[in-house]
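The sequence shown begins at 1 in the working numbering and counts up by one.
Hints are computed from structural coordinates only; laboratory data are not their basis.
For clarity, every value in this text was computed on a predicted model and none was experimentally measured.
A few of these clues could be false.
[What the hints assert, rightly or not] Within a straight-line C-alpha distance of at most 25 Å, the following computed BS3-like cross-link-like pairs (lysine-lysine) qualify:
| hint | residue 1 | residue 2 |
| --- | --- | --- |
| 1 | K121 | K183 |
| 2 | K163 | K227 |
| 3 | K145 | K35 |
| 4 | K145 | K189 |
| 5 | K150 | K70 |
| 6 | K248 | K136 |
| 7 | K189 | K163 |
| 8 | K121 | K150 |
| 9 | K163 | K244 |
| 10 | K80 | K70 |
| 11 | K163 | K145 |
| 12 | K227 | K244 |
| 13 | K80 | K248 |
| 14 | K136 | K163 |
| 15 | K80 | K35 |
| 16 | K189 | K121 |
| 17 | K43 | K121 |
| 18 | K43 | K150 |
| 19 | K70 | K183 |
| 20 | K189 | K150 |
| 21 | K80 | K136 |
[What the hints assert, rightly or not] What follows is a set of in silico ranges between Cβ atoms, one per label pair, in the way DEER data are often shown:
| hint | residue 1 | residue 2 | range |
| --- | --- | --- | --- |
| 22 | W84 | H257 | 13 to 21 Å |
| 23 | K150 | I224 | 22 to 30 Å |
| 24 | H198 | P51 | 25 to 33 Å |
| 25 | A63 | D131 | 40 to 48 Å |
| 26 | G114 | R89 | 36 to 44 Å |
| 27 | K121 | H92 | 32 to 40 Å |
| 28 | G132 | A260 | 22 to 30 Å |
| 29 | H148 | E168 | 44 to 52 Å |
| 30 | G114 | E204 | 38 to 46 Å |
| 31 | G249 | A69 | 53 to 61 Å |
| 32 | G206 | H186 | 52 to 60 Å |
Idealized CB from N, CA, C, for every residue including glycine.
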Amino acid sequence: MTFSGIRFGGLLGVAALGSLLSAATNGASSVTFHKDVLPILQKNCQGCHRPGEVAPMSLLTYADARPWAKSIKVAVATEKMPPWFADPRYGHFENDRRLGQADIETLVRWVDAGAPEGNPKDAPPPLQFVDGWNIKPDIVIEMPKPFHLKATGTIDYQYVLVKGNFTEDTWVTAAEMRPGNPKVLHHGKVWVRPPGSHYMENAEPGEAYSTGMGRNLISEGNDIVGKFNPGLGAQSFEIGGSAKLIPKGSDLVFELHYTAIG
């Protein structure tokens with residue numbers, strides 16, 4: 001059974017940095033938005049930099065990106081964007097959106113040349129983003145009620161117990177966690193709480209708690225079945241024919257890191 005998760009209501013040396021930020025290489029004027037820059041943005045940035053997503057500005061079009069050209073240059077030259085916190089010395093990750101050196105230099109050259117638009121006919125087709133589920137869920141489990149955020153200040157992690165109503169062992173081949181408002185959710189997880197677990201055992205289902213209520217009691221059998229990070233989308237567990245098990249009688253715990261946006 002395919003289970004889809006839940007809707008709810010490096011340091012860069014100064015010398016190297018200087019060379020990038022002052023890059024004015026021969027041929028910089030040949031770099032244009034539609035021909036050279038847009039493909040990079042589509043591959044690495046637009047998952048978050050589009051209307052309704054977590055990023056503060058859209059980078060879908062030249063009109064969107066041009067006012068941010070200098071900021072784009074600084075962000076990619078310092079490797080602040082795209083964000084990636086895994087140690088690059090260990091392994092390769094399929095969702096790694098870091099820019100290669102050639103792409104960084106292309107963006108810097110574009111900005112140094114005055115951020116020219118170029119010929120719109122050189123542009124690749126616009127990406128078609130999925131409005132809704134990226135997978136076809138067999139089960140959709142929602143938080144019983146929305147969480148109301150304060151406008152400013154720090155918001156503690158929130159934990160919400162949701163009854164699972166799993167009447168049989170369920171093998172999960174893919175999952176997707178969808179926030180009601182992606183702009184206010186920094187990240188989220190959905191934990192499986194198997195029968196007999198003392199984690200959140202005194203929690204009222206559907207109520208949000210700012211403490212994990214026995215978070216340290218997570219024992220063998222608990223697992224993360226769904227998660228949300230900006231631009232992540234759905235996760236498949238079918239590598240090598242594998243799946244994740246939700247035991248019969250399990251409940252779910254939503255772990256939510258909200259961010260006030262004013």
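Hint check:
1. K121 with K183: 33 Å, violated
2. K163 with K227: The hint holds at about 18 Å.
3. K145 with K35: 46 Å, violated
4. K145 with K189: 17 Å, holds
5. K150 with K70: 33 Å, violated
6. K248 with K136: With Cα atoms ~22 Å apart, K248 and K136 stay inside 25 Å; holds.
7. K189 with K163: With Cα atoms ~16 Å apart, K189 and K163 stay inside 25 Å; holds.
8. K121 with K150: 46 Å, violated
9. K163 with K244: Given pair K163, K244 holds - Cα atoms ~18 Å apart, limit 25 Å.
10. K80 with K70: Holds, at about 14 Å.
11. K163 with K145: Distance of about 13 Å is within 25 Å: holds.
12. K227 with K244: 14 Å, holds
13. K80 with K248: 44 Å, violated
14. K136 with K163: It holds: about 22 Å lies between the C-alpha atoms, which stays within 25 Å.
15. K80 with K35: 24 Å, holds
16. K189 with K121: It is violated: about 42 Å lies between the C-alpha atoms, which goes past 25 Å.
17. K43 with K121: 19 Å, holds
18. K43 with K150: Not OK: K43 and K150 at ~34 Å, beyond 25 Å, violated.
19. K70 with K183: 24 Å, holds
20. K189 with K150: 21 Å, holds
21. K80 with K136: It is violated: about 34 Å lies between the C-alpha atoms, which goes past 25 Å.
22. W84 with H257: 13 to 21 Å: 18 Å, holds
23. K150 with I224: 22 to 30 Å: 27 Å, holds
24. H198 with P51: 25 to 33 Å: 43 Å, violated
25. A63 with D131: 40 to 48 Å: About 22 Å separates the Cβ atoms of A63 and D131, which means 40 to 48 Å is violated.
26. G114 with R89: 36 to 44 Å: For R89 against G114, whose Cβ atoms are near 37 Å apart, the range 36 to 44 Å holds.
27. K121 with H92: 32 to 40 Å: Holds, at about 35 Å.
28. G132 with A260: 22 to 30 Å: 27 Å, holds
29. H148 with E168: 44 to 52 Å: 35 Å, violated
30. G114 with E204: 38 to 46 Å: Roughly 59 Å apart at Cβ, these two residues miss the hinted range, so it is violated.
31. G249 with A69: 53 to 61 Å: Taking Cβ atoms as reference, G249 and A69 lie about 55 Å apart, which means the hint holds.
32. G206 with H186: 52 to 60 Å: 22 Å, violated
When the structure is compared with the earlier hints, violations turn up for hints 1, 3, 5, 8, 13, 16, 18, 21, 24, 25, 29, 30 and 32 and for no others.
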